[in-house]
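Asker: One letter stands for each residue in the lines below.
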Amino acid sequence: MPEIIAAPSVRALARERGIDLEALARDLGRTTIAREDLGGTPSAGTGDGAVAGGQASYWDVDHARYGPVTEEKLSRFAQVAAANLGAANALIPQVTHHDRADVTAIEALRAELREEARQRGVRLTALAFHVKALARALRDFPRFNASLGADGRTLVLKDYVHIGIAVDTPHGLMVPVIRDADRKGLWQIAGEIADLARRAQARKIGPEEMGGASITISNLGGIGGTGFTPIVNPPEVAILGITRTETVTVWQDGAPRPLAMVPLDLSYDHRVVNGADAARFLAHLAGLLAEPRRLLV
Amino acid sequence: MAAKHADLIVLGAGPGGYACAFRAADLGRRVVLVDPRATLGGVCLNEGCIPSKALLHAAEILREARHGEAWGLRFGEATVDLDRLRARKDGIVGQLVGGLGALARRRKVEVVRGTATFTGPDTLDIDSAAWRFDQAVIAVGSSPVRLPGWPEDDRIWDSAAALELRSLPERLAIVGGGIIGLEMATVYAALGSAVTVIELAGQIAPGADAEAVGILHVALEAEGVTIHTDTRVSTVKATKAALTLACEGAFSGRIEADAIIQAVGRAANGGLVAADRAGVEVTDRGTVPIDRACRTANPAVFAIGDVTGGPMLAHRATHQGHVAAEAACGHAAALDTGLIPSVAYTSPELAWVGLTAAEAALKGVAHEVASFPWAASGRNLSSGGGEGLSRLVYCPDTNRLLGATLVGRNAGELIAECALAMEMGATLEDIALTVHAHPTLSETIAFAAERALGTLTDL
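Top line first, the protein sequences correspond to chains F and C. Read left to right, the first sequence gives residues 1 to 297 (our numbering). Read left to right, the second sequence gives residues 1 to 459 (our numbering).
Since the hints were made in silico from the structure, they are not lab data. A quick note: this is a predicted structure, and the numbers were derived from the prediction, not measured. There may be inaccurate statements among the hints.
Which residues of chain C face chain F? A few of them, derived with a C-beta cut under 10 Å, are [stated by the list, open to error]:
#1 D336
#2 T398
#3 R400
#4 M424
#5 G425
We put the CB at the ideal spot given by N, CA and C, even for glycine.
Modelling step: build the complete structure from the supplied sequences, incorporating the hints.
Answerer: Below is the structure:
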C-alpha cells in the first residue's frame, strides 16, 4: 500500500506537473495530499499570493547570500493585485495587437477648446477623447464588450458601456470606472476622469466605483514609451494600452508630412476575440480618433 | 518497394490494443492497428470474456429455473438447443466486434489484418509488407498454456475451444481450477455435463481469500461439480471410448471423461513478434518488461496487456493502453496503481481487489479483517441468493481499507465500490457513513465496515 494517500486525479495532476508527492507530503508533514496542495488551481482563492501554475520553489532563494537586502511587507491590497494579475496572465491566452492613430484633429480641437475648458474649470485631456472613442467602438463591436461565462460555455454580451481607467497610485494600481461613457459628453467624461483620478490618489474610491467595466484603458502617454503589452483585466476580454504621442513623418501625395500619432496596444482574450477582429477593432478605433467628427454621427 | 509509414502502429487489437489505438487517434495521431483476426476485440471479445459471459447467463437461467421449484414455480424439464445457444452467443460477439469496427472507422484508425513481426528498431513487417513507424505498441496478448506430454486429440479443449460449444460432453474434466476453469465448470455443469475440476493448489481460485473461496467451493459442489484440490494430473490417455486422466495427490486414481478442458493458465506471446530485432527485451516466459509508462527497452516501443505479465486481465490492458497512448503523445502518463480487481463470474460470483488477509500476513502488513455474512442480507435472501460474504481487510491504525473480497450474486459489480474506496484512501468510517440504499447487496460492504467499527445493528 502506498504511504501517501492521494486520489487518482491528484496523482495524475502531480505527475503532469512533475511534483513528487512523497517529497510534498514530507514538506507538508502529512500523508494525505489533496488537489489544493498542488497549488495553482483555477478555483483556488485569490489574495494568498499563490503563484498560478504550480512549482515556484526554485525562486525561493536566500537573497542575502548575494549582498545586503531589506524586506518590505506587501500590503494586503498589493498581495491581492499580485495574485489577480498572476492568475490573469497564467489562465488567459492573450495576444497584443499594435496600431497607431493620427491625433492631429484631436490636438487641434483641444487647442480650440482650451479657452472654454478654462472657463468650465475642466482639463480636456486626450484621455477623455480616448474614452469617448473607445465607448463608441465597443458599441460598434459588441464582442469586445463581453465576458466569458465561468463555465466557459457562454459569452455574456453587455448592453452598457463602462470604461475602466487604470490609475497609478502610491498604494498600487486602481481601476475606477466611467459608467455609460457612450452616453456622456466629452466635458462630463473629462470631469469624471479628473475626479476619479484625484480620489484614487487619496484612496477615496468606493468599491462600487471600481467593478463592472466593459474594457480598461491603461494610459502611459504622460510618462513615455512606444508600446507595451498590458494584461487583460478579467472578466473583461480586452485592455487598451496607450503610450506617448509622437510626431512621425508620413508620406502623403508624394510629400513628407509630420503627423501626431499615438501608439495603441490592444491585449485581448484569444478565447473570445480572434486576431482579425482585433485588427479591425483597433483600426476602427484609430479611425474614430483621427476624425473625431465621426463620434457625432 | 518503399516501406509504408505510420505514426503509431499497435500490434494486437484486443481490449488493450484497441483502447490504445483509439486513445492515440483521439490525441491526434495517425494510427495503424494490426491483428491477424478478421475482427477486432482480441481474445476478450472473440473467445474470452464476452462469449463466456453469454454462456454463463444461459447457465444462470437454467439454474434459476431449477431452483424455482423451491419458490413454488415449476417450468418442467429444460432442454438445451446448443445450436441456438451458440448462435445467440455468436450474435452478441458479432454485435460488439462490429461496433468496435465502427469506432475504429470513426477515428480513422487504419485496421490492417495480418501478423506483425519487427525487423528493426523502427521497422516491422505485416505479413510480407514492410512498414516504418515512429512509435509502436506491443499488445499481442497471451495464449492458453498447453501441458506437455498430452496426446493430440480434438476432445482436449482450451478455453477458446470450450467456448465454441462444439458438443455437450457427458463427462467433462477441467484441469485447472482458476477463474477460467471455474467459469467453464459453471457453464457445463448447468448445461448438464458431469464436471470434475482438478486443481494443483490447495484451493480453487488460488490467491483468493480462503474463506470466501470455501463458500464458492461448496456452492459448486451443490451444483454437481466434483472438485479435487492438491491433485496433479500425471498422464492423459486417449482411447476411442474415453479420455482417461491419471491423478495423484489428494485424489489418487483415474478419471474418465468425454472431453477435457485445459485451463492451467496463459502464457505471454512476447516471443511471437521478433521483439529482439527492435531492441525490446523478452523474458524466457514470453513477457516484455516495461516501466510504469509501459515503455520497453526501446523508448519508441511500448508494451501493454497480457504480454507484459500478470494479472492477465482485460481491464488492466485497457488502462495500460491509455497510458501507453498518452505517454507516446508526450503526456506524463503512468499506471500508478496495483489495484486491479479480479472477478470469477461463477455462481456465486467471487471478486477481490487489493490485499487478502493471507497476503497481508505474508507481507507483514498490520491488518484486521471484518466480514458480513450474506445470510443476514435481506436483499440476498429475497432474491434467491445462497451463502455469501463481504470481507474487508483494513489497517488497524488508520482504518483505511487495504483489500476486499466479496462472494455472492453480483460480487463482480459490487467490487467497484471497494476499488474506488481504496483509490480514494477511504477509511471504514467513510464507507460506513456513506448511505447505501436498502435493501441492496451493496449494503453488505457498509455493514462489514460498521461491524469493524462496532456500530452495526444488523447482526
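Asker: Hint by hint, note whether the structure agrees.
Answerer: Verification of the hints:
1. D336: holds, 6 Å
2. T398: holds, 9 Å
3. R400: Where the cut-off is 10 Å and the nearest Cβ of chain F is about 7 Å from R400/C, the hint holds.
4. M424: holds, 5 Å
5. G425: holds, 3 Å
Violation of the numbered hints given earlier is absent; every hint is satisfied by the structure.
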